[in-house]
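As they're listed, the protein sequences go chains A and B. Everything in the first sequence is counted per numbering that gives the first Met the number 0, starting at 0 for the first residue and increasing by one. Everything in the second sequence is counted per numbering that gives the first Met the number 0, starting at 0 for the first residue and increasing by one.
Treat the hints loosely; a few may be bogus.
[Said to hold, decoys possible] With a straight-line cut-off of 30 Å between C-alpha atoms, the simulated DSSO-like cross-links for lysine-lysine are: (1) K228(B) / K36(A); (2) K58(B) / K601(A); (3) K252(B) / K36(A); (4) K592(A) / K290(A); (5) K232(B) / K253(B); (6) K228(B) / K429(A); (7) K155(A) / K232(B); (8) K511(A) / K570(A); (9) K443(A) / K570(A); (10) K601(A) / K174(B); (11) K570(A) / K590(A); (12) K58(B) / K592(A); (13) K232(B) / K174(B); (14) K290(A) / K174(B); (15) K509(A) / K483(A); (16) K443(A) / K105(A); (17) K105(A) / K250(B); (18) K174(B) / K599(A); (19) K601(A) / K253(B); (20) K174(B) / K592(A); (21) K590(A) / K174(B); (22) K105(A) / K232(B); (23) K155(A) / K250(B); (24) K290(A) / K250(B); (25) K228(B) / K599(A); (26) K252(B) / K599(A).
[As the list claims (entries may be wrong)] Short, incomplete list of chain A residues facing chain B, as computed with Cβ under 10 Å: (27) Q529; (28) N532; (29) I577.
These aren't lab readings, by the way, just hints derived from the structure by calculation. All C-beta atoms, glycine included, are put in the ideal place defined by N, C-alpha and C.
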Amino acid sequence: MAVMTETSTTVFGQDTLPKLFRHVVRERANRVAMREKDLGVWRAVSWREYGERAKHVGLGLVALGLRPRDVVSIMADNCPEWLYTDLGTLSVGAVTNGIYTTDSAKQVEYIVNDSGTRFFFAADEEQLDKILAVRAGCPQLVKIVVFDPEGLHAFKDEQVMSFEDLLEVGIRYEAEHPGAFERMIELARPDDLAILVYTSGTTGPPKGAMLSHRNILFQIDYSDYVAELREGDQQLSFLPLCHIAERTVSVFNPLRTGATVNFAESIDTVPENIREVAPALFFAVPRIWEKFYSAVALRMRDATGPGRLAYHWALAIGARIAEHRIAGRRPALGLRLLFRIADFLVLDNVKRSMGLHRARGAATGAAPIAPDLIKWYMALGIDMREVYGQTENCGLATAMPADHIKLGSVGVARPGTEVRISPEGEILLKGPHVFLGYYNNPVKTAETVVDGWLHTGDVGLMDSEGFVRITDRMKDIIITAGGKNVTPSEIENQLKFSPYISDAVVIGDKRKFLSCLVMIDHETVAQFAQERNVPFTNFASLCRTEEVQRLIGGEIDRVNRQLARVETIKKFRLIEQILTAEDEELTPTMKLKRAFVNRKYKDVIDAMYAEA
Amino acid sequence: MAETLLAVSNLETYYGPIMAIRGVSFDVPERAVVTILGANGAGKSTILKTVSGVMDPQKGTVTFAGREIQGMDPDKVTRLGISHVPEGREVFPFLSVRENLMMGAFTRTDAGGVAEDLELVYSYFPILRSRAEQRAGSLSGGEQQMLAISRALMARPRMMLLDEPSLGLSPRLVKEIFEIITRINRERGITVLLVEQNANMALHIADYGYVLEVGRIVMDDTCARLLEKEDIKEFYLGMKESGVRGTRRWKRKKTWR
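So here's chain A without its partners, still in its complex pose (with noise of 0.2 Å):
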């Protein structure tokens, strides 16, 4: 792709989000945009069906005194209310933030005061009550709207409204403003603020990042790096929306291509429903991934002996297939046709109990991975490929391209990008798809954003080919009491491919030797347990068997071996806690905080280095 200048990021000859949706809506009309489960039924929502809720939504806030520039907050899972909120807001000239519905009322006061919300949309009655809680120190809140208002019929506020009146409204709103909603789509120009996405600050509280429509288009632009996508192809929501990466494969890149997008019913159902929807193209994070792989293993050791050997033998056909597509070269023929018997005999049968048997593409991004991992997807045939990026560049900062793939990188720069790694070895971006700056943050943007090269904070390489090699996070960087840098990340991702390992953390600055805390898989360690007669009776006493020690003590030990010797692991603790999302030393996408694990569980280390 050339060069792009400033000004030519549009889609489909658009330069808004806004006039982007407007113009698929009426090409689409009556075509299936999203699919969402109502009482085990998959119920269809057309194009046209979805642009005139949008509408409605946009036009009720404008009645209800929204004005351009205005920041609304959603609190819910995806769900296709979302999507209307979402659209119909930006579609009005304003601004959309999304909020996790795993955050505290006390986090959903800060980033409603940060952002300024004037319009709060509450998924149900329980993030109701984290608004509700804290709305006294909000003044500047007008109305607050609930998508489900089951529970809520006796329930009168002034300040709270259900989502169908809001429609209403909208309704009412247009037949009085005739033409007034073809007017406040024009309103948005390309370079005005789109969306908040508001990053998790593992220091700090959190920021708001501004994207912009040119952003967001610029990306749209870009959908099909993986595979391309047809009107009918179908896709799974379930990551969370307020997380770019999510929010762009399931609402952007739809607006080119076309595809439907289908709503896990919950993050229990996922496994089912992606079953259900047979995705074109899957998207998901690591912890997903290493899910589905820890399934397919354990299913694999529970198995009859020959069920066992065509597995084996069948992976070892595709791992050879990958070996070749790997080093670029076409596999021979004889090769190719045994794949082809291996994946009608087996790998078709795997494919299909993770429910990506029609998956054209499949992607990987917002955490580091193991690369046996990706070579074991691609051994079953699934083009897996990892991409790179952040918030604060709208999502894709670079991605594994098809024909030349470099296991352990995370691709080149996208098309009509830059990226560069400073003299202190940080990864730089520069192209369209940097942001904004923070909201009301002029200060952390100029940290960020220096002559216009965004600091990603990541640490890394980049080879004469381009391609780039991520170390660690720049503050995540361990020095030893001896002086030896140590990325933990790298660590930390070779222990998570153990099935049994759900996440860890690497510790060791300024000590003397390397630990780690282990967050154990609770499903496949019990198993383990049960099958060796190790009695346990909750997750704090299964953590404390010696036979589970062991057999994390033994998968630690696999990873030391691949380790230069200051670098391997002396000590662990297991975390003796279920943790959820609700956590503070979870992300939202599950991922272990090294900040907070380090604070919360200081005694636990301090006593690993007591007694050395």
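Dock chain B against the given chain A, drawing on the hints supplied.
Chain B only, in chain A's frame:
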């Protein structure tokens, strides 16, 4: 704590293809009252049935007084000293109360001891004496529960397995039954494993408790401490903060800590 009388380890029990108990381990110390709490279908009754030999486990061991008893026939288990009071009483409706009680002593040959114990259960439940010749089927629910417990006592057990003794009883009767259970434990030194949905009652009379959810133990602690846990309060005792609106329908996520 006292010696472990019953030790259950890695128990797995199936109903056909359905795994009802998914790897459960727990201990019951001698002379203790231990309770297992859980919702419908959590697998509480299945545990008791597996211990008493009514069901055979697929896996795992049940050790009673140092002897492995899993898979043993129920009558043998009874002879070893475990009496099971099943859910729903299960008295013999067409036999008299006295005959029912004598059925409980079927394992015994010491006529003198049996007569002594008959007096004993009549002293615990005087109403049974006055109804001794009546058919058991004509008793009220509460009286049937008393009969079922008494019948189990007639085997002079070391340990009693009680499956929801409060089921379908009035609050006053529930209180009475639980008082007797406490007395049986204290006065006779009988170890009790109690399965209950009435968590409030169970936690107040038991020493130690396990919480079972879909076939797995998610929490265990002394009952005094369990009563203080947020999850126990909200999900088992029906106590919750009413929230900003004064009413709250949604449930917190259980964390079991």
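Hint check results:
{"no.": "1", "hint": "K228(B) / K36(A)", "in the structure": "36 Å, violated"}
{"no.": "2", "hint": "K58(B) / K601(A)", "in the structure": "40 Å, violated"}
{"no.": "3", "hint": "K252(B) / K36(A)", "in the structure": "22 Å, holds"}
{"no.": "4", "hint": "K592(A) / K290(A)", "in the structure": "19 Å, holds"}
{"no.": "5", "hint": "K232(B) / K253(B)", "in the structure": "11 Å, holds"}
{"no.": "6", "hint": "K228(B) / K429(A)", "in the structure": "52 Å, violated"}
{"no.": "7", "hint": "K155(A) / K232(B)", "in the structure": "29 Å, holds"}
{"no.": "8", "hint": "K511(A) / K570(A)", "in the structure": "12 Å, holds"}
{"no.": "9", "hint": "K443(A) / K570(A)", "in the structure": "38 Å, violated"}
{"no.": "10", "hint": "K601(A) / K174(B)", "in the structure": "47 Å, violated"}
{"no.": "11", "hint": "K570(A) / K590(A)", "in the structure": "21 Å, holds"}
{"no.": "12", "hint": "K58(B) / K592(A)", "in the structure": "39 Å, violated"}
{"no.": "13", "hint": "K232(B) / K174(B)", "in the structure": "20 Å, holds"}
{"no.": "14", "hint": "K290(A) / K174(B)", "in the structure": "48 Å, violated"}
{"no.": "15", "hint": "K509(A) / K483(A)", "in the structure": "10 Å, holds"}
{"no.": "16", "hint": "K443(A) / K105(A)", "in the structure": "23 Å, holds"}
{"no.": "17", "hint": "K105(A) / K250(B)", "in the structure": "19 Å, holds"}
{"no.": "18", "hint": "K174(B) / K599(A)", "in the structure": "44 Å, violated"}
{"no.": "19", "hint": "K601(A) / K253(B)", "in the structure": "26 Å, holds"}
{"no.": "20", "hint": "K174(B) / K592(A)", "in the structure": "49 Å, violated"}
{"no.": "21", "hint": "K590(A) / K174(B)", "in the structure": "49 Å, violated"}
{"no.": "22", "hint": "K105(A) / K232(B)", "in the structure": "24 Å, holds"}
{"no.": "23", "hint": "K155(A) / K250(B)", "in the structure": "21 Å, holds"}
{"no.": "24", "hint": "K290(A) / K250(B)", "in the structure": "27 Å, holds"}
{"no.": "25", "hint": "K228(B) / K599(A)", "in the structure": "21 Å, holds"}
{"no.": "26", "hint": "K252(B) / K599(A)", "in the structure": "22 Å, holds"}
{"no.": "27", "hint": "Q529", "in the structure": "4 Å, holds"}
{"no.": "28", "hint": "N532", "in the structure": "5 Å, holds"}
{"no.": "29", "hint": "I577", "in the structure": "7 Å, holds"}
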